[in-house]
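> Here the protein sequences come in this chain order: U and H. According to this note's numbering, the stretch in the first sequence is residues 5 to 52, in order. According to this note's numbering, the stretch in the second sequence is residues 39 to 948, in order.
Mixed in with the good hints there might be a few duds.
Stated by the list, open to error - Restraint-style ranges between C-beta atoms, simulated for each label pair:
| hint | chain 1 | residue 1 | chain 2 | residue 2 | range |
| --- | --- | --- | --- | --- | --- |
| 1 | H | Ser280 | U | Ala44 | 22 to 32 Å |
| 2 | H | Ser766 | U | Ala44 | 29 to 39 Å |
| 3 | H | Tyr194 | U | Ile12 | 24 to 34 Å |
What the hints assert, rightly or not - SDA-like mimics (lysine to any residue), calculated; alpha carbons at most 20 Å apart, straight line:
| hint | chain 1 | residue 1 | chain 2 | residue 2 |
| --- | --- | --- | --- | --- |
| 4 | U | Lys38 | H | Ala184 |
| 5 | U | Lys38 | H | Glu211 |
| 6 | U | Lys38 | H | Ile289 |
| 7 | U | Lys38 | H | Lys210 |
| 8 | U | Lys33 | H | Gly886 |
| 9 | U | Lys38 | H | Leu282 |
| 10 | H | Lys403 | U | Pro43 |
| 11 | U | Lys38 | H | Lys462 |
| 12 | U | Lys38 | H | Lys874 |
| 13 | H | Lys398 | U | Phe37 |
| 14 | H | Lys210 | U | Pro43 |
| 15 | U | Lys33 | H | Ile289 |
| 16 | H | Lys462 | H | Thr437 |
| 17 | H | Lys633 | H | Asp622 |
| 18 | U | Lys33 | H | Tyr286 |
| 19 | U | Lys38 | H | Val407 |
| 20 | H | Lys874 | H | Gly886 |
| 21 | H | Lys210 | H | Leu164 |
| 22 | U | Lys38 | H | Glu165 |
Said to hold, decoys possible - Examples of chain U residues toward chain H, derived with CB under 10 Å:
| hint | residue |
| --- | --- |
| 23 | Leu25 |
| 24 | Asp39 |
| 25 | Thr41 |
| 26 | Arg46 |
| 27 | Asn49 |
No lab work stands behind these hints: they were computed from the structure. Each residue gets a CB set at the ideal place from its N, CA and C atoms; glycine is no exception.
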Amino acid sequence: MPAEMVMILVGFSTAFALTFLAAFIWAVKTGQFKDRTTPAMRMLNDDK
Amino acid sequence: MATSNIFPNTSETLQQREWISGNGVLTAHLPTEQQRQSHAQHHVEQHTTHCHHCGELCADTSIQADDKAFCCEGCKFVYELLRDNNLCAYYDIENHAGVSLKNVPTIQRRSRFDYLEDETLQRQILEFRSGKVAKVTFYLPQIHCASCLWLLEKLYKLNDGVTASRVDFMRKEVNITYNPQQISLRGVVELLTTIGYEPELHLNALLDTPQSDTPQVDTLNTDANQRTKTSDKEKPKRSKQSVLTSLYLKIGIAGFAFGNTMIFSFPEYFSDAGTLDERLRGFFGVLSILMALPVLLYSASDYFKSSWQSLKRGHINLDVPIALGISALFIRSVVEIAHGATSGYLDSFTGLVLLLLCGKLFQQKTFDVIAFDRDYKSYFPIAVSVLRGGEETTIPLATLDVGERLFIRNAELVPADSVMESKKGHVDYSFVTGEASPVEVLQGDVVYAGGRIVGGAVEMTTQNSVSQSYLTSLWNNDAFQKHRKTALEEVSDRFGAWFTVFVLLLASAAFIAWMPDMVKAVNAATAVLVIACPCAMTLAAPFALGWALKIFGNAGLYVKNTSVVLELTRINTIVFDKTGTLTDSADSTVEFAGKDLRVCEQEYLAAALSQSSHPLTRSIAETMSYALVRGMEVRNFDETPARGFMCRVEGHLIRVGSAEYVAAPLFCEEFKRTISGKRSVLMPDLRSLDYPIRHYPATDIRKFGAEVHVAIDNDYKGFFTVKPTYRSGLRELFATLRRKYALFLLSGDNDAERERLSDLFGINANDDNRAMAFYQTPHDKLERVRELQDVGAHVAMIGDGLNDAGALKQSNVGIALASESGAFSPACDAVLSADKLARLSDFISFAGYTRRVIIAAFWISVVYNIVGLTFAVMGWLSPLVSAILMPVSNATVIGFTTLATIIGAKIRKL
Numbered sequence: 005m006p007a008e009m010v011m012i013l014v015g016f017s018t019a020f021a022l023t024f025l026a027a028f029i030w031a032v033k034t035g036q037f038k039d040r041t042t043p044a045m046r047m048l049n050d051d052k
Numbered sequence: 039m040a041t042s043n044i045f046p047n048t049s050e051t052l053q054q055r056e057w058i059s060g061n062g063v064l065t066a067h068l069p070t071e072q073q074r075q076s077h078a079q080h081h082v083e084q085h086t087t088h089c090h091h092c093g094e095l096c097a098d099t100s101i102q103a104d105d106k107a108f109c110c111e112g113c114k115f116v117y118e119l120l121r122d123n124n125l126c127a128y129y130d131i132e133n134h135a136g137v138s139l140k141n142v143p144t145i146q147r148r149s150r151f152d153y154l155e156d157e158t159l160q161r162q163i164l165e166f167r168s169g170k171v172a173k174v175t176f177y178l179p180q181i182h183c184a185s186c187l188w189l190l191e192k193l194y195k196l197n198d199g200v201t202a203s204r205v206d207f208m209r210k211e212v213n214i215t216y217n218p219q220q221i222s223l224r225g226v227v228e229l230l231t232t233i234g235y236e237p238e239l240h241l242n243a244l245l246d247t248p249q250s251d252t253p254q255v256d257t258l259n260t261d262a263n264q265r266t267k268t269s270d271k272e273k274p275k276r277s278k279q280s281v282l283t284s285l286y287l288k289i290g291i292a293g294f295a296f297g298n299t300m301i302f303s304f305p306e307y308f309s310d311a312g313t314l315d316e317r318l319r320g321f322f323g324v325l326s327i328l329m330a331l332p333v334l335l336y337s338a339s340d341y342f343k344s345s346w347q348s349l350k351r352g353h354i355n356l357d358v359p360i361a362l363g364i365s366a367l368f369i370r371s372v373v374e375i376a377h378g379a380t381s382g383y384l385d386s387f388t389g390l391v392l393l394l395l396c397g398k399l400f401q402q403k404t405f406d407v408i409a410f411d412r413d414y415k416s417y418f419p420i421a422v423s424v425l426r427g428g429e430e431t432t433i434p435l436a437t438l439d440v441g442e443r444l445f446i447r448n449a450e451l452v453p454a455d456s457v458m459e460s461k462k463g464h465v466d467y468s469f470v471t472g473e474a475s476p477v478e479v480l481q482g483d484v485v486y487a488g489g490r491i492v493g494g495a496v497e498m499t500t501q502n503s504v505s506q507s508y509l510t511s512l513w514n515n516d517a518f519q520k521h522r523k524t525a526l527e528e529v530s531d532r533f534g535a536w537f538t539v540f541v542l543l544l545a546s547a548a549f550i551a552w553m554p555d556m557v558k559a560v561n562a563a564t565a566v567l568v569i570a571c572p573c574a575m576t577l578a579a580p581f582a583l584g585w586a587l588k589i590f591g592n593a594g595l596y597v598k599n600t601s602v603v604l605e606l607t608r609i610n611t612i613v614f615d616k617t618g619t620l621t622d623s624a625d626s627t628v629e630f631a632g633k634d635l636r637v638c639e640q641e642y643l644a645a646a647l648s649q650s651s652h653p654l655t656r657s658i659a660e661t662m663s664y665a666l667v668r669g670m671e672v673r674n675f676d677e678t679p680a681r682g683f684m685c686r687v688e689g690h691l692i693r694v695g696s697a698e699y700v701a702a703p704l705f706c707e708e709f710k711r712t713i714s715g716k717r718s719v720l721m722p723d724l725r726s727l728d729y730p731i732r733h734y735p736a737t738d739i740r741k742f743g744a745e746v747h748v749a750i751d752n753d754y755k756g757f758f759t760v761k762p763t764y765r766s767g768l769r770e771l772f773a774t775l776r777r778k779y780a781l782f783l784l785s786g787d788n789d790a791e792r793e794r795l796s797d798l799f800g801i802n803a804n805d806d807n808r809a810m811a812f813y814q815t816p817h818d819k820l821e822r823v824r825e826l827q828d829v830g831a832h833v834a835m836i837g838d839g840l841n842d843a844g845a846l847k848q849s850n851v852g853i854a855l856a857s858e859s860g861a862f863s864p865a866c867d868a869v870l871s872a873d874k875l876a877r878l879s880d881f882i883s884f885a886g887y888t889r890r891v892i893i894a895a896f897w898i899s900v901v902y903n904i905v906g907l908t909f910a911v912m913g914w915l916s917p918l919v920s921a922i923l924m925p926v927s928n929a930t931v932i933g934f935t936t937l938a939t940i941i942g943a944k945i946r947k948l
């Protein structure tokens with residue numbers, strides 16, 4: 005396998021992985037791991 | 039017997055006022071919980087109507103709306119409010135979801151939220167404010183079910199001014215966005231209070247920032263500033279959350295980098311050197327460095343910061359070798375990649391950081407569990423006197439609600455921020471601020487938790503619930519620290535530094551030894567730096583002691599801090615106080631001997647006696663109805679510890695205390711001769727009135743029990759005798775303790791009880807006079823403790839928090855016994871629930887056990903390090919393997935100490 009192709013593929017996959025890292029950072033920063041109980045309870049009674 | 043009267047000339051009204059003699063037990067002092075239960079059961083038999091709102095049993099069915107019964111008007115009001123706003127789904131989500139409003143008389147008293155109108159205060163409470171939008175977060179301890187959540191998020195339906203509200207269920211917080219032009223902050227708080235969710239406002243925490251716009255706020259602020267030091271404890275709660283958040287982030291990034299660098303190193307592992315394309319190797323190397331950089335700069339930043347901090351102060355802390363290890367790995371990898379030799383060890387580097395952080399998280403979580411339990415599950419085993427329906431009742435501090443009327447005596451602590459209800463009083467904030475001069479407070483003023491009442495007893499209404507952590511932080515205030523480090527702490531402190539130096543030397547030695555072989559040299563040195571884990575040794579003590587504190591707390595011994603547990607293992611002498619410690623002041627026989635007292639005189643006396651917190655006066659006061667003394671004006675209260683006190687009730691001078699204190703000794707003796715010798719003079723009156731006086735021969739006058747003499751307007755009236763009841767289990771306790779410790783008893787009272795005590799103590803009364811001492815002043819007790827210490831004894835003093843404060847402070851471990859009084863002095867090291875006194879030997883033995891657990895964990899850690907370091911120096915360990923072993927060893931030590939302490943507690947049934 006030519007080295008260039010590996011480099012391109014690795015570059016793509018790394019960039020792709022980085023978006024997930026960014027998503028994780030965003031989730032932590034916006035407090036989505038802070039309160040994991042209330043949203044579940046809130047959802048059940050949303051329509052009342 | 040039980041209903042006969044102490045005093046002669048009893049009018050009928052007085053009989054109704056429940057003066058109790060004989061066994062001296064007053065029904066009003068039964069635990070309130072029991073009362074409530076029997077109350078509830080009583081109603082079950084009659085009818086089982088539950089309040090539609092809160093689900094409590096209704097006393098009757100008179101309060102109704104829409105065919106639904108309510109327990110009180112408050113509940114009905116909330117129901118109607120919700121019904122009118124189409125919010126009845128509140129009751130569908132959970133049955134009887136409501137918060138009972140029965141004990142909240144505060145709805146009517148809205149003026150208590152007046153202070154929320156204050157601009158400066160608002161600025162501090164509000165998180166955000168601009169024109170039409172304001173945001174605020176409240177802590178609502180009442181949140182308990184899905185209905186609460188639902189209703190609180192529908193606040194906008196109750197008031198148009200509220201735009202949105204959001205609940206954090208676990209934290210019991212609600213974040214409210216509202217329009218300040220339509221509803222004020224006070225309006226929001228009142229709205230919440232109306233529906234049963236009164237926010238808990240930490241005035242002290244709010245007032246921290248010094249801002250002085252109005253003079254009124256200025257005075258509040260000076261107070262608050264003085265309190266800043268101690269209310270710091272409130273703050274870390276927020277920052278702890280952010281520490282955890284950033285820890286999660288750091289772990290996430292390290293994990294990401296670890297996964298990727300590992301993939302990039304695969305080709306290296308699978309291909310023989312040389313077969314891999316040079317360009318690819320370089321490419322992977324650069325990518326790895328890019329991945330590792332955020333790990334170095336962000337994830338591992340704490341280690342660098344911490345070691346830099348310690349180096350700046352001229353110390354070497356435990357993070358130094360770790361920081362060195364990871365930087366060695368990183369730099370070496372970069373150098374090798376730059377030279378194109380290998381693709382470095384960045385996978386090891388990132389993995390190492392990841393594992394270190396995971397260990398940290400585990401440690402943090404375990405600590406949080408301990409801290410949480412200490413703050414919320416175990417309580418100061420202290421009781422407070424509250425007034426319910428005009429009667430004084432004692433309840434545990436933990437169950438104290440907002441809006442409760444407190445009755446606080448001289449020298450007792452204010453347990454929660456309260457509003458003064460009495461006309462005037464004096465508060466000594468020395469526990470909070472260190473400033474000893476008492477401050478005058480007037481009716482309506484706020485008295486902060488931790489203040490101590492000086493002078494006459496006062497009434498106040500609680501505004502905030504008790505903050506356990508705040509009281510603990512007060513207790514741990516530097517002013518009351520004994521500044522002693524136990525051997526174990528010193529050893530582990532010094533050990534940390536030496537160990538670090540040793541590891542650094544060993545790493546350099548390993549590096550030099552492997553020198554020509556750079557790869558091996560770096561590997562071995564890094565492995566040494568990483569695997570060496572003094573952490574395990576330093577963790578053993580905090581974790582074992584943390585668990586011990588928690589276990590003690592749940593079992594009724596509230597220990598100030600961890601060093602007390604260790605100090606407890608060193609004691610060899612135990613000194614007991616008698617009155618209120620060995621005896622139970624709630625359960626003693628009280629009799630009066632002396633002149634006839636007029637009804638008004640009895641009332642003055644009752645009013646005076648209720649002021650003091652001394653166990654004897656409390657015993658006497660408990661035989662009297664509190665209703666009797668309400669509204670009486672008590673002034674000029676002045677107490678001389680262990681001697682007596684005087685005050686003016688309705689202008690009459692009352693002196694209560696020892697014979698010497700109350701009247702001139704000669705006069706007293708004369709009086710005693712009068713009532714014992716020339717009995718005939720007084721007898722006719724007494725006999726005709728069925729007077730409960732006992733007539734002793736002159737020589738036996740002191741044999742009955744402790745005496746409390748009284749004089750009204752310089753006229754000697756007579757004395758109360760208090761015959762104590764000893765707490766149960768003392769004989770067994772003394773028998774057990776005697777095997778290992780020297781026991782002493784210091785009593786401030788007369789020696790009437792010498793024989794009974796000798797029997798309990800298990801000694802011959804005539805043989806050993808040193809073990810027991812009577813007529814001891816607080817100063818004598820202190821001196822006695824000091825004498826014992828001078829001859830090398832490590833003394834534990836068990837006494838009553840106030841009257842023995844000096845001796846408690848002087849002793850190595852001062853344990854204050856808490857029964858029905860809020861008399862708690864920060865000078866003590868531990869507070870023991872009175873009914874757990876019999877378990878004292880178990881507590882002490884558990885402290886010793888904890889110490890052994892720590893030492894065992896120490897040895898585990900030592901063995902691990904010796905083995906690990908040997909392997910590392912030999913170059914048999916890759917840095918990554920050591921990176922796995924280190925957190926594992928941490929976890930082992932933490933797990934071992936946790937399990938061992940818990941099992942030890944189970945064995946002792948603590």
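> All hints, please: hold or fail.
Comparing the hints with the structure gives:
no. : hint                              : result
1   : H:Ser280 with U:Ala44: 22 to 32 Å : holds, 24 Å
2   : H:Ser766 with U:Ala44: 29 to 39 Å : violated, 49 Å
3   : H:Tyr194 with U:Ile12: 24 to 34 Å : violated, 54 Å
4   : U:Lys38 with H:Ala184             : holds, 19 Å
5   : U:Lys38 with H:Glu211             : holds, 13 Å
6   : U:Lys38 with H:Ile289             : holds, 16 Å
7   : U:Lys38 with H:Lys210             : holds, 13 Å
8   : U:Lys33 with H:Gly886             : violated, 46 Å
9   : U:Lys38 with H:Leu282             : holds, 10 Å
10  : H:Lys403 with U:Pro43             : violated, 23 Å
11  : U:Lys38 with H:Lys462             : violated, 47 Å
12  : U:Lys38 with H:Lys874             : violated, 40 Å
13  : H:Lys398 with U:Phe37             : holds, 18 Å
14  : H:Lys210 with U:Pro43             : holds, 14 Å
15  : U:Lys33 with H:Ile289             : holds, 14 Å
16  : H:Lys462 with H:Thr437            : violated, 27 Å
17  : H:Lys633 with H:Asp622            : violated, 28 Å
18  : U:Lys33 with H:Tyr286             : holds, 10 Å
19  : U:Lys38 with H:Val407             : holds, 17 Å
20  : H:Lys874 with H:Gly886            : holds, 18 Å
21  : H:Lys210 with H:Leu164            : holds, 18 Å
22  : U:Lys38 with H:Glu165             : holds, 19 Å
23  : Leu25                             : holds, 5 Å
24  : Asp39                             : holds, 5 Å
25  : Thr41                             : holds, 5 Å
26  : Arg46                             : holds, 6 Å
27  : Asn49                             : holds, 5 Å
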